[in-house]
Structure formats: structure tokens, C-alpha cells
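Listed below are the residues making up each chain.
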Amino acid sequence: MKLFLTLLAFLLPSAALAQNQVALTSEVLVERTTTDASGVARVSLEAPGVVTPGDRLVFVLSYRNNGTAPASDFVVSNPIPDSVSFDGAESPGAVYSIDGGRTWGALAALSVRNADGSSRPATLADVNSVQWRLAQPISAGSGGELRFRGIVK
Amino acid sequence: MNRIARLSAAASIFAVAAGTAMPAFAAGTTAGSTITNNVTVNFQVGGVSQTSVSASNSFTVDRKVNFTVDEDGSSTTQVSPGQLAAVTSFIVTNTSNAPLDFALAAANRVGGTAAHGGTDNFDVSNLRMYQDTNNNGAYDSGVDALITYLDQVAADASLRVFVLADVPLGRSTNDVAGVRLTGTAAEATAAGSLGAIVTQTAGANTAGVDTVFADTIAGGNTARDGIHFDEDDYTVLAASLTATKTSRVISDPLNGTTNPKLIPGAVVEYCITVANAAGSAAATGVAISDTLPAATTYESTFGVLVNGTVTGVTCNADGPLAGSHAAGVVSGTIPSVPPGGTRTVLFRVTIN
Chain A
1 MKLFLTLLAF LLPSAALAQN QVALTSEVLV ERTTTDASGV ARVSLEAPGV
51 VTPGDRLVFV LSYRNNGTAP ASDFVVSNPI PDSVSFDGAE SPGAVYSIDG
101 GRTWGALAAL SVRNADGSSR PATLADVNSV QWRLAQPISA GSGGELRFRG
151 IVK
Chain B
1 MNRIARLSAA ASIFAVAAGT AMPAFAAGTT AGSTITNNVT VNFQVGGVSQ
51 TSVSASNSFT VDRKVNFTVD EDGSSTTQVS PGQLAAVTSF IVTNTSNAPL
101 DFALAAANRV GGTAAHGGTD NFDVSNLRMY QDTNNNGAYD SGVDALITYL
151 DQVAADASLR VFVLADVPLG RSTNDVAGVR LTGTAAEATA AGSLGAIVTQ
201 TAGANTAGVD TVFADTIAGG NTARDGIHFD EDDYTVLAAS LTATKTSRVI
251 SDPLNGTTNP KLIPGAVVEY CITVANAAGS AAATGVAISD TLPAATTYES
301 TFGVLVNGTV TGVTCNADGP LAGSHAAGVV SGTIPSVPPG GTRTVLFRVT
351 IN
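Going down the list, the sequences are from chains A and B. Just so you know, we're using this note's numbering here: the first sequence kicks off at 1 and counts up by one. Just so you know, we're using this note's numbering here: the second sequence kicks off at 1 and counts up by one.
Calculated directly from the structure, the hints in this document are not laboratory data. All C-beta atoms, glycine included, are put in the ideal place defined by N, C-alpha and C. You may find that some hints are simply not true.
Claimed, not checked - Okay, the calculated bits of chain B under chain A, using three or more residues with CB under 8 angstroms as the criterion:
id	stretch
1	34–44
2	49–55
3	195–209
4	248–254
Just chain B, with the same shape it has in the complex:
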């Protein structure tokens, strides 16, 4: 014991070297490795040291197939109706002790509660998958490769997969479409092609490398089936526009602007208001066209004021002269209607 205490100070000197000599792998000892245990006995007989006796035994480490598919991030992907190539991203991690290919499939969720709490009530279309080839965390069109599987994923390696989809027109704010990315373990037999789907070694242990599925139930998965999935979702943020048309008499030839009446020769102002509901997406490029009523004449000296504002119920004549009139139709395009905002198109006619 005295000797032990004396030498313990020296122990730490070697500790660093010993630590680096034994690399720790999260995925574990590589499948097919042999673990050999060696034991030695030193002893004396009759006070004389004898030749030491050694024994050893070995076993082979089998292949533990384990991996995860996880959503990259923790929030929904906000989309507009009609948006093309809306991106969700996932991370596929090989926690097996051997390299694997992974067959991939992207699919719409069918109803129920989607990944971020909303109710899945529509499907996106044209689902396709891309690998984050340049590993920058963002989908790069023309750079990231369109894939149907991940090739030769090393033990402990993680790869990002983007799922792209097109959003149909006509969806409303807070509509949700869930998507699921499913990975299936496949043999990393050859680079550039998807290997056969991995199967567990059936029956008794064999002398060679056996395969054991170790994937878990995390995220609603089935344990030990060599398949793992996760879901993400798209949430629609649409513009919610309401158009209203109002009119008021500005003047008539007899009363002027004091209590004018709708008699021939009177000037009438039309106001088309476009309101966007609060909590919606901003609507841009809102094109308005309005056919003049019969028996009226467009008031060209006033013009068409576009992008004006409203105070209470009164349309303000504060927009620029950005509209046009042709063949009895007034047109104007409002650049942007913010959520909760109202913009107008304003013009005047004379009663014939």
C-alpha cells in the first residue's frame, strides 16, 4: 500500500497519454472489431517467482443499426398561398457503429395534429428532397443535390436534408400542412448507389458480424425497425383582403358644393377601399379595375388617385395620380396593403 501511495503522484503524468490512446466514439466500437481480453497471473512457489501464466478470449462486435431523422429547428415554415419550393429541413444522424446508406421518402401528413401544434388541413404538392451539399444550413438552388437517398453515411455523421414543396393557391392564414421525412437504413455497399435495405440477423448469433436494430421510439417511431422519421409543417400566412366601393356627391351645377344633389351635371366621387385583415400577410401589387356606371363620364381633370388612406369612413384624396382610365374602365395598382391596413383607389365621374 505504501508503494501505491508513493506512485500515485506519478499516475497523473501518464493520464493524458492514456486518455488520447483510447478514442471514444459516440456510435461505438466499429462493427466487426474483435475485443480481446488478456489476463496474466504472476505468482511464487516456495518463494521463487514463476513464469507468468496468461489467458485470453475474444469476441466480435456486431453491427448496431441506429439512426435518427430529426427536424432541423423547432418552428413551422411560414408560406404564402401559391408559394413554390417552400423549404423544411431535417437532420439525419447515423448513430450506428458502421457506415450506412439511408433511403429517404417525403410525404404529406394525413390530418391530425401537425408537428408544431396546428391541425393538418391541406397537402402540399411536388415534394422533393435535397441534400445540403455545401453544408451551409440553407437550401441553395442549383447547388444542393436532388436526392432520393443518402449515400455512405459514416458512423456518427450527420447530414442535412431539405424537403421542398409547392403550396396550393387559395389557402387561408393558419392553414397547416404537415410533412414527414422517413429514413430507412440500407447497406453502404457501394458509393453512388443505394444499397439493399438492412435486415436484422434472424435467429441465433452467428460467428460473423450480426445486425441488430437499435432505433428508438422517439417522436412516435416504432422501435427497432430500421426506420426513423420526423415531421415538420408549413403554416400559411395569407393576405385577407376586403374590397368596398363607396360614393359621395361632390357638387352639382346648381348648388355647387353646398348640399349637392345627384342631378345631371353633378360630380360624384367613387372610392374603392381595399382592407387587409390584421394578422395577415402584406398584400402587394393589388390591381383594381372598375367599370364606370352607365350614364356617367370619367372626370379626367381629377384623375385616378391610387394608394390613398382612409380616416374613419372618409377616403382621403392623398394618393398619387398613379391610375388610368381607358374605354370606361378605371384601373390602378396598389403597391402594398399591410396587415390591418386599408388603401384606396379614388376617382370622380360626372352624371350625364
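With the rest of the complex left out, here is chain A:
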């Protein structure tokens, strides 16, 4: 039976495999800074219980290749939710978009046009999409995690 499925997998490469080839989850954590009795600040990540404007968020994107073949040209795209101000990618290799994903680049390569026609360098707050393009294929059975930060507007 197992052999049959494997054979089938080889025979139907794309469509049939796509459903379960890659598992993906998005999780959000809230960064809390608490000061203990001795005055030491402690930063912890918590589930998004009470969340109010100004709270710092960490988005955790987890992926895993559940298939039997390596997944290549692996591109993870995440538009920043409207009510969240982007505050930087924690995982290296990110590229950014300030136009909803039409164009991507390093932050330094992006600029914002001002109302008077001049332009200024883009800042983190201008970013409305973040993307990672993984150079190495994800081998079967392996996975990873990508993180970026945001602040509740």
C-alpha cells in the first residue's frame, strides 16, 4: 500500500501533492516587559491575551516540508495586517515591499514619494509586506521558522 502511494506520488507530481506537501502556520505573540521586585526588566513572549494599541507583537511563521521531495524556490510572503505597524524582520534574508507586494527590495532600496514630489527613504513603518526567499531547497521532513515584529497601531 505504501509503495503504491509512493508510486502515485511520482506519477502525479504537482497537483495531487500540493495539498499536504508543505505545512504552514502563523502565530502571533505579544512581547511583555515586566520589572521584578529587584528592578530587573524581563521580556517575555505571551499568547495574544489582552492586546491594546502600542503592544509589541512577534509574528512566528512555521513551515515544514511534509512531502517526500525537496521544495525549492521557497518563498514566504506575509502582508502586514492593516492595524499593525511593521517593526522589522527578526529572521535574516527578508525583503520588503511598500506597495502591497508589487515590488520587493531591501529597505535601503525603497523610497517613498512625498506629497510635494520629493522622495525620502522608506522606513520600517512604510513596509506593508515582508517576504523571505529561501536560497536552499527545503528537504523532505525538514522545516523552519521565520519571525518578524510589529506594533499594534
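Place chain B on chain A using the hints.
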């Protein structure tokens, strides 16, 4: 990377549109909003693009209750003793991410250092609050509404509140009365009535909209109690009047005006001086009345000169004939005595 560089020039074209699509609210995302994150993976297997895989998660934005009560302006309100409806103004700003009502209370400060450095040493009376209904920054009697709370204050909205008070008589210059306006967050349940006082959600996070107090310690407040206050003060500027009466002999029937003596038939000039201390308020409508001494007769041909000046210790006969005499009492009203100034009432009598 080449593609990125090529497209970066196009990026700015869309930047303006992207900026307007995401309005920034100082008070923040409205309570109860759901923030959903969507992530997509595109990949290939065996060189063939596969159907993309997406995932999402959501959470609810809770209610952050934060607001300020601040004095409008940065100076004391100068008042006169006995002044009615002396105005101080405050601004109440809702920096929460939800609309709120605010219960208001105005109270006298009890001693200590008032808002602008003076020492609080008296209380004003009849404290009441008005909303700057026409939002012109000035109290308008009959226009601005008498209130005990602010109704349905939208997130990020600021409203001006006037505190009016009556100043007691008998206070001196630089007496200070501090007043405090306290706002308490209340639910904006229905227009036209004050909602229940807001309480923080106790215990663990709930799936619904929780309430968190976020008000700060600014201005001596207690942090995160849903209450905020600020103070202003009234400083008295009173007139400080001193009245003095002097006399001199003008003439007698035997010596004339040369070294006259106080013998019957002699003419004596009385000068009543009213001095107002420097740094005081101008005193207006200063009414003087003086009963003539016994055994004297009012000199009607001289009359009563009012509002004259003084040179050194000499009263000048330079005021207008504005006083009167009736039944042995001389009267006159000095229109105004400026701070640091002296004005007189001058009249003459004959010794019987």
C-alpha cells in the same frame, strides 16, 4: 536581486496610495477590531510550481482606556475679591481606542503649593463646570452648557471644560486658591446620560474585548486607575487702600493768610487722601464720606474737590467740584485710584 533593483524605481509610484490606505490613529486600532495575519508560501517541487499554501491567525484588539485632563494654558487666573464666575479652563482628551463618557468633578485644593507656584490659602465657592459648547476657547454665558460629565467623547477627541467659581470678599493680593478638575472614565453606553464607571477586566484574558487602564502618572496622577486630574489656580489681585486725613489752617480773621492761627472764624482745609499700594489692582468708585467736626461750619463757597492729587505731603486743589455736603457730612466718590497712586477729597470749614 537584479529584479529588485529594477523594480525599486516603480515602488515610489505606489507609495502614496499605500500610505493613504492605512490611516494612522493616535488612539490606535479601535477596540474590538480583529487583526488577521495571512502568510503564503510559494514553492516548487521537481522544478514545477506547486499550489501555494496559506495560513492565517487572528486576535482581537482590546480596549485601552487612556485619557488626560490638562489645564488649558499655563498661567493663573487673576481675580478680584468678590468676583463672581471666575473662569479656569481644562482640556479633556480621550486617547483610548474607544469612545467614552467622562464623569467630571471640580474641587478646591486643600493647602500646599498650587498649580502655578503660589501657596493655596483660601477656597473659592460655587464651583461648577461648563462645556465649551461652541468650541471657541472662551466661556460664553448662556451658550456653554452646564455639565457634570462629558458625553460620548470619541477616540482621539478633545473637549474643553470651564470651571467657574466665585471668589470671596476680603482676600488680599497674591492670595491663591487652587482648583482641581477630575475626570473618571465611564462607558459611552447611550447618548445623553452618563454611563457606568469603566472597570478593568479582572483576571485572565477573555475572548471578547477586555478593558485595560492605561492612564499615566503625569501631573501627580495615579497610573492605571481610570481617573485623571489636573489643577489650575486663581490668584487674587486686590486694591490695597489707605485713607489719611490731614488739615491745615488757611486764614484767620486777624492774621489773614500770614501765619494764621486756629481762632474762631479761621478757615481750615481738610484733605482726605486715599493711597493704593503699588502692585495692587486699580480701585474704582472709591466713596468717601466724612462727618464735619463739632463747632465747625462747612465752607460752601469752596465746595468739595474730588480726585485731586498730592505732591509730597501737600494736597493740591486740582480736583473737580464733584463732591457734596449735606447735614454735616461731606461726600465724594473718587473714580479710580491706580496702583501706586494717591487721590484726594478736599474741603474747607470755618471754626465757629
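| task | Hint by hint, work out which the structure violates, then give me just those numbers in ascending order. | result | 4
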